[in-house]
Amino acid sequence: MSNATKPAHDFGRFDYVKLAPLMGGISVVIMILAVVFLATKGLNYGIDFSGGTEMQLRFDKPVDSGDLRTALEEAGIHNPGVQRFGSDTEFLVRLETPKAATEKETNALIKQDIEKIKTTLQAKFGLTEGGVLRVDSVGPQVGSELKKNGLLAVFYSLLMLLIYIAVRFDYKFAPGAIICLAHDALVVVGIYALLGKEFNVQIMAAVLTLIGYSLNDTIVTFDRIRETTPEYRDRGLKFTINKAINDMMSRTILTAFTTMLAVVSLYLFGGGVIAEISFALMIGIVFGVYSSIYVAAPLILVMEKFKRKTA
Amino acid sequence: MIESLRTRWIIIILVTVAGIIWTVPNFVNTDKMWWPTKAKMVLGLDIQGGSHLVLGVDVDSAVKKESQRMAQMFRDELPKEQVAVTSVEVTDELRGAMTINVASTADVEKVTAYLERIFGGQTFNIDEAAGNAVRIEFGELHLRDFKSKLVEQAIAVIRNRIDEFGVAEPSITAQGTDRILVQLPGIKDASNAKDLINRTARLDFMMVYRGEEANPAKLEELIKEAETANNIKFGELRYSQYVDKINEALKGKLPANTLIYFEKPESAETLAVGRIPYLLKTDDVVTGDRLTNAQVSMDQYGKPVVHFAFDPVGTREFGALTTKHVNENMAIVLDKVVKSAPNINEPITGGSGQITLGGGRDMNASLNEAKLIATALRAGALPAALEQLEERTVGPSLGADAIRQGQIGTMIAALAVFVFMLLYYRTFGIVANLSLILNVMLTVAGLSALGATLTLPGIAGLALTLGMGVDSNVIIYERVKEEMSKGASVTAAIREGFDRAFSSILDGHVTSILVCFVLIYFGTGPVRGFAVTLVTGLFINLFTAVFFTRAMFDLMTNKLKIKPSVGWGAQHV
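Those sequence lines, one after another, are chains A and B.
Numbering-wise, the first sequence is residues 0 to 310 according to numbering that gives the first Met the number 0.
Numbering-wise, the second sequence is residues 0 to 572 according to numbering that gives the first Met the number 0.
I should point out that these hints are in silico values taken from the structure, not numbers from a laboratory.
Even for Gly, the Cβ is constructed at its ideal location relative to N, Cα and C.
Worth double-checking, as some hints may not be accurate.
Unchecked claim - To give an idea of the chain A side of the interface with chain B (calculated C-beta under 8 Å), a few residues: (1) Tyr163; (2) Met203; (3) Leu214.
Can you make the complete structure from the sequences, with help from the hints?
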């Protein structure tokens, strides 16, 4: 073995476990903050979840979003949401779902509004027929159902993972992994609440992917802990965890780096939906690495202590 | 792991060839050439542009209507069975729960016997039959069956309508228990399609008005007047719109409770060329949604006829109508077009009848029309109201932009990873990159073979697959380096590295695959597309990142006697 970089400890370069209580505290604070943001600011749900109508428009020449909003309000559109989309020529226009007695009347009103917007913008800003890139209209029923399905998906994902980890590893590993995943999901969703960025079905997919990705990280670390344990049983769990994390460090950094490389490229060049998903993934990868080291692994220690106390 | 290197390579070559076979149709037009498969990935509406509608079927209202209808049938029919019915109360419309109150215990027995005879113990569950009342409700199975039939029927009707519209490859599928998803690629404005869907095939049996006013020549005169007065031109409007406008214009000029529909005579090609107006009564109508069956058969002269049969309720209603109007003409009206107007010679109480198409035309035309009518009758009117829950329209230009950007993004992402792996891992990096290319190709092939839909989130899923592929390679190589730094030879380090890394890789993949299955189950549209791509990629990654790379290294070290370079951070012994 080369001794050029002599490790500071016999388990490796860095004592991760020593910092665990501090980091654990920070994690708890971050999670509380995320919950607070969610509770106070709330998520800026896209029309997928909240219901409503959204149009993506492209003009032949640059248009000021303020002018656009004024023109729409003058045309009698109630509280239109106008948002630049990438450039000065592309815009998202969001409409509230009008309240009417029946679904049919609501639909008629939505159709009316869309027509009104088209004719107004055609007259005032030279919008062409081909400039209407996309029209999405989601009923409130579908939206709330999507929310429910999303939560159910998270719940069942976690449940299945809990069972898998308990069976494949040890029950004392399972809570760490699950709390770690909940932590990651909560942090990403919390950041979305903080930034007020739109949370739509695609972002939900990204969050669920992160659960999978971060889990992969955690599992790889756990796997190493499991493998290291028999060899160093007499040195205790603290030592084993430290050694496993240190041994895995190069892999953790390399993987995070290459994935980040790909995700950043997608964020910069992918555009539209792909860029949105990539943004969520970028946040998630950073926290995924952090959490599998500082949330998942130390929780095994906590479980171990808990077990000894009850035993 | 299979020990024989030869066997492993044969498997790899076979899989690669299969991969190429299924990948090629996505990039090369195979229509004109011989190729084993034509299957390719379907592009999602967010990529190729089109309309996406989610329609809710109002199942509850249909069940309520059915409950009330059944109750009415009991009120009408039971007295005929000598049952002294005092009242029939519907207690829960959504479950068809009702109480049949009768005069005596003997009547209760008669009611249960009647139910047994008519429904064979199928439709209704008898909850209680005691004292002077029978409490019944729809059986669980019947209710579920009734609801799923409603949705199925609605899908059949919508498909008919859309086909008429001439959309290439429309997809009309049930979503959940009471939703219908309609996807129309290439349709930019969904409002036409929606109108079409809502214009349902509707069959009515209506009585022809008897009187002076019903004279065709006189009617035609009135119509001409209305046309010029209101500037209604037949050719410019769809038939149904034309008929509505004419009737609107003639309000007051026609006898009360009547309207005009037209028959297309056998000799005429279209309604615009020749038509016969009918004055029909709007009261005393039996609708076609009570039909249980309709099929084409031949009459004794060898001419095609459409046979139809009613369910018990329809039989009763149809019987009542034909009894009341013996020796009158009954018009069979499909979508406001009079198909025929035979004379009712005697009451038809048996619950079946036939539509004669008349002669004059060639056999094939008659047969085709008979088939059309039979299909329309079976599909019938929309059995329940539809409400639009979601509509998404993507213009083709957005799709084109999005896919081009997505492609560029994916290319750059892949290139960045490839270059990094090559620089960092040298020979190992080449193997890793080969495994990644193979992974992407096989994933595309797999998705094509499955006929999966590629959506934009699906492209992101593909990118993530690449990420997992890189991770698997990194886990293995870092392990190999570790073994080498412990003093193992390259060959031994590779063997150890693969063996020890495998459990990590497997666990990581299994857990991600589990999450994907949850997503496929709960997700809709884009989310599902994402999960399907990812899950396919993950399965394939187990093959490319473990099986394929291992075979590559074994080939290098055992057969070719090459010592691969692991790149930075390794201590060679």
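Checklist entry - Is the interface hint for Leu214 of chain A satisfied, with its Cβ closer than 8 Å to some Cβ of chain B? => result 5 Å, holds
Next on the checklist: Can you verify the interface hint for Met203 of chain A: is its Cβ closer than 8 Å to any Cβ in chain B?
Outcome noted: 7 Å, holds
Next on the checklist: Using the nearest Cβ pair, does Tyr163 of chain A come within less than 8 Å of chain B?
Outcome noted: 6 Å, holds
The structure shown violates none of the earlier numbered hints.
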